[in-house]
Structure formats: structure tokens, C-alpha cells
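S.K.: Protein sequence lines, in the order shown, are assigned to chains S and F.
Quick note: the first sequence uses my numbering, first residue 1, plus one each step.
Quick note: the second sequence uses my numbering, first residue 1, plus one each step.
Derived from the structure by calculation, the hints contain no laboratory data.
Do not take every clue at face value.
Copies of the same chain are indistinguishable here, so a pair counts whether it falls within one copy or spans any two.
As the list claims (entries may be wrong) - Computed cross-link-like contacts, DSS-like style, restricted to lysine-lysine with a CA-CA straight-line distance of at most 30 Å: (1) K40 <-> K340; (2) K30 <-> K433; (3) K109 <-> K340; (4) K30 <-> K11; (5) K433 <-> K41; (6) K84 <-> K96; (7) K37 <-> K433; (8) K242 <-> K96; (9) K464 <-> K41; (10) K237 <-> K414; (11) K96 <-> K464; (12) K415 <-> K464; (13) K162 <-> K242; (14) K464 <-> K242.
There are 2 protein chains.
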Amino acid sequence: MGTVDKRNNLKAVFNPCAVAVIGASENPGKLGCHVMKSLKKGGYNGTIVPINPGGQEIWGLPSCASITEYSGHIDLAIVVLPAKLVPSVFKECVEKGVKGVVLITAGFKEIEDPVGEALQTEIRTIADQADMPVIGPNTFGMINYYNNLNASFTPEFSWAIKGGVSLVSQSGGMSHLMAFTAMRQNFGFSKIVGLGNRLNISFEDMVDFLMDDPDTRVISLYVEGVEDPRRLMLEVKKHRGKKPVVAFKSGSAETGNQASLSHTGTLAGRHEIYTGAFRQAGICSVDNAQTLLELSNALATCSLPAGPRVAVLSGQAGPGMEACDACESHGLEIVTFSEKTQQAINELLPPLALRSNPVDMGPAWYNPAAVQGIVRAVLEDDHVDGLLLLTVYASANWELVSFLTDTLQKWQQKKPVITCFSAPPGIWEDEIKALELSGAIVNLPTPERAAKIMSYLWQYQQIKQPVWSES
Amino acid sequence: MGTVDKRNNLKAVFNPCAVAVIGASENPGKLGCHVMKSLKKGGYNGTIVPINPGGQEIWGLPSCASITEYSGHIDLAIVVLPAKLVPSVFKECVEKGVKGVVLITAGFKEIEDPVGEALQTEIRTIADQADMPVIGPNTFGMINYYNNLNASFTPEFSWAIKGGVSLVSQSGGMSHLMAFTAMRQNFGFSKIVGLGNRLNISFEDMVDFLMDDPDTRVISLYVEGVEDPRRLMLEVKKHRGKKPVVAFKSGSAETGNQASLSHTGTLAGRHEIYTGAFRQAGICSVDNAQTLLELSNALATCSLPAGPRVAVLSGQAGPGMEACDACESHGLEIVTFSEKTQQAINELLPPLALRSNPVDMGPAWYNPAAVQGIVRAVLEDDHVDGLLLLTVYASANWELVSFLTDTLQKWQQKKPVITCFSAPPGIWEDEIKALELSGAIVNLPTPERAAKIMSYLWQYQQIKQPVWSES
Numbered sequence: 001m002g003t004v005d006k007r008n009n010l011k012a013v014f015n016p017c018a019v020a021v022i023g024a025s026e027n028p029g030k031l032g033c034h035v036m037k038s039l040k041k042g043g044y045n046g047t048i049v050p051i052n053p054g055g056q057e058i059w060g061l062p063s064c065a066s067i068t069e070y071s072g073h074i075d076l077a078i079v080v081l082p083a084k085l086v087p088s089v090f091k092e093c094v095e096k097g098v099k100g101v102v103l104i105t106a107g108f109k110e111i112e113d114p115v116g117e118a119l120q121t122e123i124r125t126i127a128d129q130a131d132m133p134v135i136g137p138n139t140f141g142m143i144n145y146y147n148n149l150n151a152s153f154t155p156e157f158s159w160a161i162k163g164g165v166s167l168v169s170q171s172g173g174m175s176h177l178m179a180f181t182a183m184r185q186n187f188g189f190s191k192i193v194g195l196g197n198r199l200n201i202s203f204e205d206m207v208d209f210l211m212d213d214p215d216t217r218v219i220s221l222y223v224e225g226v227e228d229p230r231r232l233m234l235e236v237k238k239h240r241g242k243k244p245v246v247a248f249k250s251g252s253a254e255t256g257n258q259a260s261l262s263h264t265g266t267l268a269g270r271h272e273i274y275t276g277a278f279r280q281a282g283i284c285s286v287d288n289a290q291t292l293l294e295l296s297n298a299l300a301t302c303s304l305p306a307g308p309r310v311a312v313l314s315g316q317a318g319p320g321m322e323a324c325d326a327c328e329s330h331g332l333e334i335v336t337f338s339e340k341t342q343q344a345i346n347e348l349l350p351p352l353a354l355r356s357n358p359v360d361m362g363p364a365w366y367n368p369a370a371v372q373g374i375v376r377a378v379l380e381d382d383h384v385d386g387l388l389l390l391t392v393y394a395s396a397n398w399e400l401v402s403f404l405t406d407t408l409q410k411w412q413q414k415k416p417v418i419t420c421f422s423a424p425p426g427i428w429e430d431e432i433k434a435l436e437l438s439g440a441i442v443n444l445p446t447p448e449r450a451a452k453i454m455s456y457l458w459q460y461q462q463i464k465q466p467v468w469s470e471s
Numbered sequence: 001m002g003t004v005d006k007r008n009n010l011k012a013v014f015n016p017c018a019v020a021v022i023g024a025s026e027n028p029g030k031l032g033c034h035v036m037k038s039l040k041k042g043g044y045n046g047t048i049v050p051i052n053p054g055g056q057e058i059w060g061l062p063s064c065a066s067i068t069e070y071s072g073h074i075d076l077a078i079v080v081l082p083a084k085l086v087p088s089v090f091k092e093c094v095e096k097g098v099k100g101v102v103l104i105t106a107g108f109k110e111i112e113d114p115v116g117e118a119l120q121t122e123i124r125t126i127a128d129q130a131d132m133p134v135i136g137p138n139t140f141g142m143i144n145y146y147n148n149l150n151a152s153f154t155p156e157f158s159w160a161i162k163g164g165v166s167l168v169s170q171s172g173g174m175s176h177l178m179a180f181t182a183m184r185q186n187f188g189f190s191k192i193v194g195l196g197n198r199l200n201i202s203f204e205d206m207v208d209f210l211m212d213d214p215d216t217r218v219i220s221l222y223v224e225g226v227e228d229p230r231r232l233m234l235e236v237k238k239h240r241g242k243k244p245v246v247a248f249k250s251g252s253a254e255t256g257n258q259a260s261l262s263h264t265g266t267l268a269g270r271h272e273i274y275t276g277a278f279r280q281a282g283i284c285s286v287d288n289a290q291t292l293l294e295l296s297n298a299l300a301t302c303s304l305p306a307g308p309r310v311a312v313l314s315g316q317a318g319p320g321m322e323a324c325d326a327c328e329s330h331g332l333e334i335v336t337f338s339e340k341t342q343q344a345i346n347e348l349l350p351p352l353a354l355r356s357n358p359v360d361m362g363p364a365w366y367n368p369a370a371v372q373g374i375v376r377a378v379l380e381d382d383h384v385d386g387l388l389l390l391t392v393y394a395s396a397n398w399e400l401v402s403f404l405t406d407t408l409q410k411w412q413q414k415k416p417v418i419t420c421f422s423a424p425p426g427i428w429e430d431e432i433k434a435l436e437l438s439g440a441i442v443n444l445p446t447p448e449r450a451a452k453i454m455s456y457l458w459q460y461q462q463i464k465q466p467v468w469s470e471s
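Turn these sequences into a full structure, and let the hints guide you.
M.R.: Now the structure itself:
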């Protein structure tokens, strides 16, 4: 992280008392307008100071021509001015004692023109000399859901709910996509941070910071490339076992840009080295952004399985089979129940169905109490490390989810339960949401994805502590 | 299919003028109640005749004590009585000249008790002698979206929209799950058919029937096991190239039931033989139900790519990279544009971004006309066989999807366009739905899935005609 001052300043960036928007605007064709909207509509409680030489009032708030003119203190400056104006703005920020900057502006190192690279070096020097952390440039910004601080150009980020996952991402587009998906699946975030060009805040700085952040239970990394992978690994290893770190590394393709085509072998190899090193450092390395999101949410919600032995309880045979297929291909074991459990199930189900693991609870549709009894017996079984509970809505089983709520909530901290409750739009949604928000379940759209995420929970259980034979 | 009579009768089953529900009920604890609801609320236009010895009127319709008592003609009987009553009901149906049966009742071959197997043999003999096709037993039923016939116990099946995909499935649970997913993704169906125990209507009978069904563009099979795989392959091969057939075979796991554990090798081997044989017969074999649904919908919507050369146009760099990764791992080629196309793009985009393939259209956010120009130039490029178009909503690009509508609709029948337009709930939904319903795009939730489905379209293009060197 560099200095202690920079680290403390980063804390202020995420928890500011006053935020200035340098480049604030009321013109919806300007990003400065959307940033103002994000702050105001997101429900941020601190002082918002619009900075723009033009107007006297922006979005109903008194504005200043420059940050120097403002009489009070500013913790965080969000900068949305053209790149060439940024060096002088940075100098003003330093003079003003601003703790840190979210620099949304693009047009630095990422452009073809060498002017961009020079500008980035210039502003980095200014920021570093003052121990002033900068998120960006070339970023959508960041959101802290624990104080309703939406310091991004997308007001709709505020629609996601509060949760335990902090997503740190190099891709603005994928951060948006993951947030939108999370809104539909009731996944919550602690923070979403777009690193952009990483002027002086890198993945390792964020890992270091989030390991001590009380609102973060899981650190989720969307990585395109890292300048110093070794430092990132060391940072994670230092905190091994403290909080789960999940990472997806994109860029396995050799065609990302035409220029890299000639270096085919190198690039592909680099991707494998990344994912291998991630695993060694105790990072759960996943193969796509969807799994990154689903696994991060599961790690923030579920207890970890003590072993790979899974029970599959299904309201219909098909989803149970699909889950078993996926469990097996991902290294989980479809356990044999204890005699006591099996007996309990046999008493609750007629001999019409699969009654060993997987259990087809179909014949108990009209009898949610029997389903509840089966779920309870299986969760109490010492042979069972985790439960996959799959039920597809059909009119006859409409009561089922609400009937299971108490049982599932009682077990949430003891054994992981991943469900695939599937229903038409508008049905079961409230019941499922209540279970998700209380942390009793993680609900996923297919039996296959439910099984895959359970297997990753078990994988994390295995890698979170270093082992003697680490090779 | 057996006899010509049975084939003609099957046609009447899907297009009946009058339907009897044998076991109709008003008690929501009975499946006969839900079947009545499905027929009535689903908007079926023909005559509905509830059969129940108890009442005189059910759901506001005059009922009969038995089908024999009804004076008019009946094409389709939906039977929801206990298994032991089914043989005598079948005899009545034959006498009455009923064309075919949907037999929802369970308790036949699938139960442990040998009584079930005997009953199934008994009713099969009755049905076969009369050339009476029977869907089931042990099924949720079937739905024909082209005449609003919901002959299932789940009224909500009617919430899915009309489309070109006919799903024939051995799993009731997975049929429900796929239909519910389809509702959220605007995928439509022609028919959904639950085969259940396949008394005398098998996968091959359905393939034979659907190949001639004018409302079916794609045949989608969810297979757990087939008695005579060779017959199924021959049936598909006979029609090779006429309509796409997509199949998912579940049951790769060895743990589906404990009894099969001792036959591990055999079972696993059988699964591979299935998928290999599928491909040889010209069936697109996929690896999960989600892909089965998404690919079937894409085949019903998109033209096929003439080759593997794909253009990736993205509103943000990250989703473009993710799509390229997936394209490459699935055997697609990120094409080099023609000089003319590249020049057009260079004129429309500032030198701030990736302008070769993949193209990051981010800098053109405020200028949807430029995005439209790029999309048009790329679609006109003879080097491009298919387009992946990925854009994540951010407030500044809110107009984008509606601006692209005309261009995309113009190209729909020439080159496949698969999109990943992603937005918060409530945003872009109408615009995306309009594009989907007009058949201009298939919209998928992640860039990765968009790329995967494009790769399968190319795979189908390659396997739809037999090749000389088939081995």
C-alpha cells in the first residue's frame, strides 16, 4: 500500500464527510450530470459540493467555481473534467487537503497518443507526493453500499442491495453487468470499485484495504492484467484464511487485439500462470464472470462444507439428476445417508420414488410437512456436509418455499444450503428473496450452477489454509 | 411411428376440437383441478368436457359421469385418475373413438411394485390395438402454443410466448424450469411435450411428427434415456438438414441411483456413446439444459453463419474481451475486417479505443448514429459471418438499443446477430423484447454465453449436411 498516510486516506475516500464533484453539470450529455445524480439519488448523507465555473447552483446545491473557493473541508473529489485540466485540478486538491480522488476522466495511458501517458505520469507524481490515493483514471467510479455513496456515473448502481461482497474490477462494463445481474438475483455488495488505469491504487492496495474493512466479507476480483502479480499473491497470502478472495482473470483469448497475435504462445501461457498462481496463493480462481459473482455471493452467505459429501433433495427427479451430474463432474460426493436418516425418509415418502440420495420428493408435494421432515433429517445427518435443494414450481407445490423458511433459517450457519427454486415470474419471488436476504440460502437459476458453486465452497475450504505439501 | 392411423391421430391430439378431462375437479388438492384451470385460463378455444361421477358442473362447465355418457365427439382425453382405474377408462376411450390420450397419472412402470409394470403393459395393449397415441403416463402433460392448448397440470405454462421451438422432454421438472427461464428471456415455444414413461409415443415418434409440423422450426430434446437409440438416430438422419435437432442427454453421473454404482464404467461409457451418436446423426449435442434452451431459441431465430468468422462489437472493452475469450475457446475466429470496413470504423471512432476487432464503441456513447454506422459497416463486410453485439447500460448510452432497432431488423435474415444487452431491471426491457419478438436478435445474459451459442450455430451449419468423410 505504500505509506500509512495513503492507507488512512483511502479509508476517508470510502467514508467521506464531504464530496466535491469537479465538473458537476446539469446537462445530461455530460458525465458530471450523472455523477451528481448518483450522489443525490443514491442517498449519500454527507455534504455534496458541485464545482463548475459556470453556474451558481447545480442540482439545487450551491456550487463553486473551483475547489479552492469552497470554504469547508473536502474528503473526496470526484473528477470528471477533460484530461488536460486534471494536473492543475490535482494541485488544487492537494493544496485543499483533499484525502483522495475518484478520477473518472479518460484519455491517459490507455490512448494511442503519447500525450496520455505523459499526463498520467504527471498526475501520478502530484498524487504520490501528497500520499493522495486515486481510483482511476478511466473508471466509472466506485460505490460504497454501507454509506450510500455512489461515486460513479451510473445512478442505477444504487439499485443493488447491501451485502458482504466487495467487487474490485478492471472492467467497467463487466462491473455494470455483474451489478445488474446481482439486482435480479438479490445478491448484495459492500463495495464496487472500478480500478481503471490504476494510477496509484492497485488490486493489492484494495486487497490490503478490504481485508480490514468490517463491511467486507468476501473480496471479488475481476482481473484483466496486473503489473506485479507477485505483489498481489503476497498480499493475499499474508491474509490467507482471513477472508475469501475469488478471482476471474479474463484475456485467455489471443485475439484481444491484433498486435498481440504474434505473441500467441506467451499470452496463453501467461493466463495459465495467473490462474495457477492464484490457486497457490489461496485465491479461488474461477472461469467466468458469472461464476465470480455467484461464488462470491455464496461465500458471503453460506458456511463452508466440512467435506465433499452432498445431499441432493429435489422436488422432481430431473433437476436432481442434473445436480448429481454436475456434483460428480466437479468432485463432490453424493453421500450415502446414515441409517437413521434413510429410515426417516422412507417413513415420509411412499415407495414410488427415488428415496436414497438423490431424493425425489415429488410424491410429497401435497404434504410440505413431509418435505420439511426430510430436509431436517438430512441436515441433521453427520454424513452430510452440504445440501442442494431443488424444487421447481408446479401449482400443487405452491406452499413449499414458505413452509421451509423456518427450517432453512435455523441451519444457515451450520451447513451450506444452495437452492434452485425455480418459478414463473411473480411466483415465489418474495419468499425466495426473504430467504436470501436473511442469509439462509443462495438461490441459483439452474441445478447445475447450484452444484458448481457448492463444489467451489468445498474447494475454498481446502485451499484457505496452506498445506504442508504445497507445491 | 408405427401405423399411419396412429400418426394421424397424434395430429388430432395436438389439434383437438374437443377435449375431455377424465378426473376433472374443483378441489385444488387434485391435479384434475389444475388441468381444468390450464385449459380454461390458457385460452383453449375448443370444447372442454369435464368428466367426474360426482358433480353436474365443474368450473362452470356441464360435466358427465363418464366419457361414454357424453353425446358429442372427443379428440383428446386428458386422464388424471388413479392408475388402477386407467385400463377401464382406456377401453371407454377406444369405444368412444377418442383419437389420443394425455395420461398424467403416475404409478406405472416407474414404481417399485410390479403391479405398475403390469398395468402399463395392459394399457399399452389397449392403446396399440386402437392405434391410439398416448403421451405419458407419469407426465405433466403437453402444451401447444399455436392453439392455446395447455393440456398440463401447470396453468402457468401458458405464460410463455409462442415461438418456433418444440421441446420434447423426459423430465417434467426440467421442462418447467426451462419454460420459466424462457418466460424471463422472451424465448418462445411451439410445443412442450412431457413424454413421461413413453407408453407408445417415444422421442422418435415426436421427431417424426414435428418434422412435418408447420409450427415447429427447431426440435429440442431433453433426454434421460432411450430404449432404442438407433431408431432415434435413424429418424433424425432421415430428415437431416430439414429442421435443427438439439439434444441434451442427462445422466452422466454414476450416482443417479445407488444401484447403478457397480456398473460405473458401463454407464459413463453409454453417455459418451449417446453424445457421439447424436453428433453423427446431425443432432447438436449440448452439455446442459441452459444451453439446450438458448441454442434452440437461437436456431429458431437466427440465420446460420456461413463460416466461423465473427465480429465483436462492444459498448465497453471488458464484455468484448470476455466474448473474444469465449469465441476462441469454442472455435470461432475473430476476423480481420475488410479495409473498407476498417476505414469506416476509423472515421466513426476517435483513436481512443480498440478499433479493430473487437471494437470498443465506448467513445461513441453519446453518438448512437456512429454506433449504428459501425454496426452497419460490419454487417455489410463479406468477411464477417456473424455478429456479437454487446452493450451494457450506463446512463449516457440509454438511447442505444432503440437506435439500433431498424438496422438489426433489416439484417435478421442475412447474418446471425447475438446480443448481450444488459441493463438494470426495468430499463431497455421493452426495446430488447421488441427486437427479440421480431426475430432480429437473440439476447443472452452474458458475453460468454452469447459467444458459445454463436459457436453452436456454426457447428450446426457444419453438421446439418452429411459429409463424405463421415466416420
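S.K.: Which of the stated hints cannot be reconciled with the structure, identified by number in ascending sequence?
M.R.: The structure conflicts with hints 1, 8, 9 and 11, although it agrees with all the remaining ones.
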